[in-house]
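Trainee: Put chain B on the given structure of chain A with help from the hints.
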Amino acid sequence: MHRTIVLVAATLALVIALAPATVAHKPITSKYTYHQDVFPVFEAKCSGCHAPDAVAPMSLLTYEDAYPWAQSIKEELVNLSMPPWQAESGFGAFKHGGSLTAKELDIVVEWSNGGTPEGEPVDRPPSHADGDDDESAAWILGPPSVVLTMPAAYTLAADTLGATRYFVIPSGFARDTPIRAVDVRPGASAIVRSVIVYVDSTGAAAALDAEDPEPGFEAPAGFATEQILAAWVPGQQAVALDAAAFHVPAGADLILRIAYKKTWTYEGLAVEDRTALGLHVWEQTVPTIEAMTLQPSAGVVPDAAGNLRFTHDLTRDVELLALVPDIAPGALVVQILAVGADGRRAPIIRLASPRPEWRTRYWLQSPLALSSGTRLEVQALFAEPPSSAEPPVRFLLDLVASGAPVTEAAPDELP
Amino acid sequence: MNRLLAVAALACLVVASRPGPVLAQVPEVDATSMEGMATVGAAPAVVRALADPLVDESELPPLGWTCPMHPEIHETHAGGFCAICRMDLVETRRAEAWTCPVHSVILEAEGGICPIGGRELIPIRLQLTWTCPDHLGVSSLQPGLCPIDGEQRLVQRLAALPHEDHTPKHGGTFFMAPDNWHHLEGTYPEPGRFVLHVYDNYSKPMAPATISGRAVLEETYDVATDQLLELVAYPLLASRDRRYLEAYIGTQDLPTEIAAKVRFEPDGPEERFDFRFAGLTTEDAPTLLTPTPEAPADRRDVPVTTPGAASAASGTLSLSIPNLPGEIAAEIAARNAHVEGLIRDGAFTEVWIPALEAKDLALALTPHIGRLAVDRRIQVHVAVKELVRAAWLLDWYGDLGNRQRVESAYAIFGRAATDIAGAYDVP
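The listed protein sequences correspond, in order, to chains A and B. Residue 405 in my numbering sits at position 405 of the first sequence; the count goes up by one each step and never skips. Residues are numbered in my numbering as their position in the second sequence, beginning at 1, plus a constant of 1000.
Stretch-level coverage of chain A by chain B, calculated; a stretch enters the list once three of its residues show a Cβ under 8 Å from a Cβ in chain B:
1) 65 to 77
2) 103 to 110
Computed Cβ-Cβ distance ranges for the label pairs, DEER-style:
3) A:141 x B:1269: 43 to 53 Å
4) B:1267 x A:157: 32 to 42 Å
5) B:1425 x A:372: 27 to 37 Å
6) B:1415 x A:346: 19 to 29 Å
7) A:31 x B:1084: 21 to 31 Å
8) A:53 x B:1324: 45 to 55 Å
9) B:1227 x A:317: 49 to 59 Å
10) B:1144 x A:29: 37 to 47 Å
11) A:81 x B:1324: 28 to 38 Å
12) A:31 x B:1148: 37 to 47 Å
13) A:29 x B:1261: 27 to 37 Å
14) A:384 x B:1269: 16 to 26 Å
15) B:1371 x A:31: 25 to 35 Å
16) A:143 x B:1265: 53 to 63 Å
Under 10 Å between C-beta atoms, here's a sample of chain A residues computed to sit facing chain B:
17) 57
18) 58
19) 88
20) 113
21) 265
22) 344
23) 346
The set of hints was computed from the structure by calculation and includes no laboratory data. Predicted model only: the values in this text are computed from it and were never measured. Don't be surprised by glycine CBs; every beta carbon is placed ideally from N, CA and C.
Here chain A stands alone, though its shape is the one from the complex:
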């Protein structure tokens, strides 16, 4: 199987390398060239997916790979279809990436639209990957305290284009354990679109898993999960907490919700995945993160024009660390502003055309202190009012409350 994938991947590389050069619609008018201007953007903002053997159907990291896609690149960017998880840079600050800046957007679109000039390879700034070929194989944050791997590999059948499946991994923790970071390493990076890691201390997921003869299970309607330990999409790196921890109870299971999807390049092929988690455990005692749900009250729905507004007043002092949005399809923009008791306003997050299938966690660049009395103002605009009965906008806020409980540092005997 592995050999098959390699063979196909090699064939695909050939396909792209040998494709005809279609001269751009307009003559070369771009003042930006691939090597000097465009490559740094692709590397910084796109290479998590658009790299060899990654989840996207093509790499953008060489000129020959990138330029045949110029028209498509332009259309995806100006229609906000890509990048898929767009926290507007400048509207709040996040640990990594998010959307292209206005300047980056302009560079790539002008290049795509203006004849895709290559420029001189010597003008290309040093790549982050240059001379570090093994980085992708290593754990980003260094050796984890514990590595947990799916008990069995799951095969996405040849005639299946996509699936969402849950997998149970026993944590093996003998006592409550404070987690500092979760690093996700997809087994088959070409098809793993997202991984959400939940904590389950009820055994419910394990029971469902036992009923399903295949590895993992499909969640039934109403399947409830506890705290989100990690939310990963391609291109995102693990974040190590500075002074807080996620709490994993003793004996809890970790549940991986993995969304698989094949691109056209893997159509007709069976692909096997065995994703692994690298858990970094705190060796000191730190406050525990709690999750707060921010959603409209019952009955508060978008108006006929698609506008939705709701607020939430904090009743205690907290530090906001991260957000996990859960947005219904069709949202054009969703944003949160914090308005202090003194009227000062602080942007928290703005998502342009959020795509539900790329749900992830947005880590603030630094914790944001929000005092009691702060009002969180949420605004959303939908192209059409959502039809689902579920709240169309919901955020899970990862925060540390003043006087939050702590989870004692883990002892040495980890599984």
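Mentor: Using the frame of chain A, we list chain B on its own:
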């Protein structure tokens, strides 16, 4: 047959070439060993030739003659000269294949559906040459052995011929279809007669054999169905000489607006093109951009304001950027008014100029944003990026001539420009 293999097999048979020397080695292909090779039997000569680099020349597309400067010129006989620049024509060998209008990595022998995005494939013209893997300066019009080392097989290079310009040929308004292949030009040469010329990707007039459409003069919006209902429409019929389409629409007051709704293939999608004629079209009239009080007719390379200010260039545009953010915001507001006026007048193909100028002005605001109060900073930050995005949408949609699309892009553009103006108290 597996679609992937089909694409792979065909792509394996071609060698990429840019105007620059991008060259890949031709793989050794056993035509009997790959399932996808079953398509080769139906493939054009360009593909068959590469399967056997020593193929007999009779298997290749015939030689033709073209202008070194104007590749749209293509003659079947030697000894001519370019009708445009009078240069002597040179030998060339061309073939046709099919590619995706968006994903040019796809190359097929026949028309069909793009395996990536599902769009209809469009025909593409390829220029064939052969070169030696180790001596890239070698350029031959037929396969064979490398003339330098006498041993290596020459490998094929394919270069897609460039898409032609959008210059009107009959003094009318020129749009491109969303398939990036068909182009059309609407004229109003005499009272009551609307003419639609259709061209291919290379400005070659297309006979309207499979093309159908209507000239729609009046519509109303139906709330119940969320559709535009046509109240007055006339069929677009082939002209007597079958060189173009025309509709007799009755005498109209000028200016008049005509929506051409065109289907290029019987089972293809219907596309809309919004024309506006301020007067009768004159065949030999020079095609000029519409001058407005705010801007000269053609703003390329024309400094806009403020001597001594910094200069920025965007593609073929260059303009001067004021130093003060309030002045930049005022310039953006002026461009916004210009864009709005052009859209109102139906001058969609001219919208890109003030739109891209406004985009460059907005980008020049970025270093100043940090000095604003928080609320205004947020407002401008968001607006700058939205304006950049909308400017490129206007550039794109303006070429397509679809008023609804243009106005949807302008809704973003205008809102962003207004937010910027508001943040800097520009009236």
